[in-house]
Amino acid sequence: QKEVEQDPGPLSVPEGAIVSLNCTYSNSAFQYFMWYRQYSRKGPELLMYTYSSGNKEDGRFTAQVDKSSKYISLFIRDSQPSDSATYLCAMSVSGSWGKLQFGAGTQVVVTP
Amino acid sequence: NAGVTQTPKFRVLKTGQSMTLLCAQDMNHEYMYWYRQDPGMGLRLIHYSVGEGTTAKGEVPDGYNVSRLKKQNFLLGLESAAPSQTSVYFCASSYGTRGLETQYFGPGTRLLVL
Chain A
9 QKEVEQDPGP
19 LSVPEGAIVS
29 LNCTYSNSAF
39 QYFMWYRQYS
49 RKGPELLMYT
59 YSSGNKEDGR
69 FTAQVDKSSK
79 YISLFIRDSQ
89 PSDSATYLCA
99 MSVSGSWGKL
109 QFGAGTQVVV
119 TP
Chain B
1070 NAGVTQTPKF
1080 RVLKTGQSMT
1090 LLCAQDMNHE
1100 YMYWYRQDPG
1110 MGLRLIHYSV
1120 GEGTTAKGEV
1130 PDGYNVSRLK
1140 KQNFLLGLES
1150 AAPSQTSVYF
1160 CASSYGTRGL
1170 ETQYFGPGTR
1180 LLVL
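Residue numbers (the numbering used here), protein chains in the order written: chain A, 9 to 120; chain B, 1070 to 1183.
Hints listed in this document are in silico derivations from the structure and should not be mistaken for laboratory results. Where is the CB? At the ideal position from N, CA and C, for every residue including glycine. There could be a bad hint or two in this list.
Stated by the list, open to error - Example chain B residues on the side facing chain A (calculated, C-beta under 7 Å, incomplete):
| id | residue |
| --- | --- |
| 1 | 1163 |
| 2 | 1164 |
| 3 | 1177 |
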C-alpha cells in the first residue's frame, strides 16, 4: 500500500467551477504538506505549502489539512482553462532532508 | 536565472548501455534531488544530496549512481540500462535548513531503454 493515495482522474470541470482535489496518507509523522502543479511535459512547480493542520489560502487556491483524518485537500475557485494540469500532492516528515512522498497526481481538465 | 536545467531532454538507449544525466542549478541551493516519474506511480526519489561532495539513497536507488562534485551540478548515472529504467527523470533543488520542501524542478529528461 502506498503511503500517499491520490485519485488519478481525469477530473473534467467547466470553466468557472470549483475544482476539489484530495489525498489521503497513512504516515502520521507527516508534518509538511504541499501541492505541486505540473503542466504537460514540464517539471512540477510548487503551488501551496502547509505546515501541520489547518487551512491556507492564496488567491483562488485553498489548501486544507486534516491530520486527524490523514486527509488533505486543494480547492481551486473560479477555475480557468489555464488551470488544466496534473496536480500532485506531496508530504514529508520533519528532519527528513526534504525527502518528499508524492501522490500519483490528479489530471484536471477545465473546459471553456 | 535559468533555474534548474537538465541535459539531455530526450535519449534512447539500448539495454546494457550506460549514460549520465546532468542537472545544473544557478540558485546556489544546497540540496539537490533526482526523481523518476512513471504513470500511476507519481514521483519517486532516486538519490539526493545535502551539499557538495555528499550523496544519499532515496526510495528507488538500485541501478543508479550519483555524484555531486560541484555545488551547482548533480549527475545521475546509469551503468547498465534496463527497460525498467524507461521513465521521465526530474532533478530538483531546494534551500538548506528551512524550505527543503520548496523544491524547484527542472524540465525533465525522457529516457527510453529498448
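Hint status (Cβ of residue 1164 of chain B to nearest Cβ of chain A, threshold 7 Å):
9 Å, violated
Closest C-beta approach of residue 1163 of chain B to chain A relative to 7 Å, hint status:
5 Å, holds
Close enough to count: is the Cβ of residue 1177 of chain B nearer than 7 Å to one in chain A?
Where the cut-off is 7 Å and the nearest Cβ of chain A is about 6 Å from residue 1177 of chain B, the hint holds.
Hint 2 alone, counting from the list given before, is not met by this structure.
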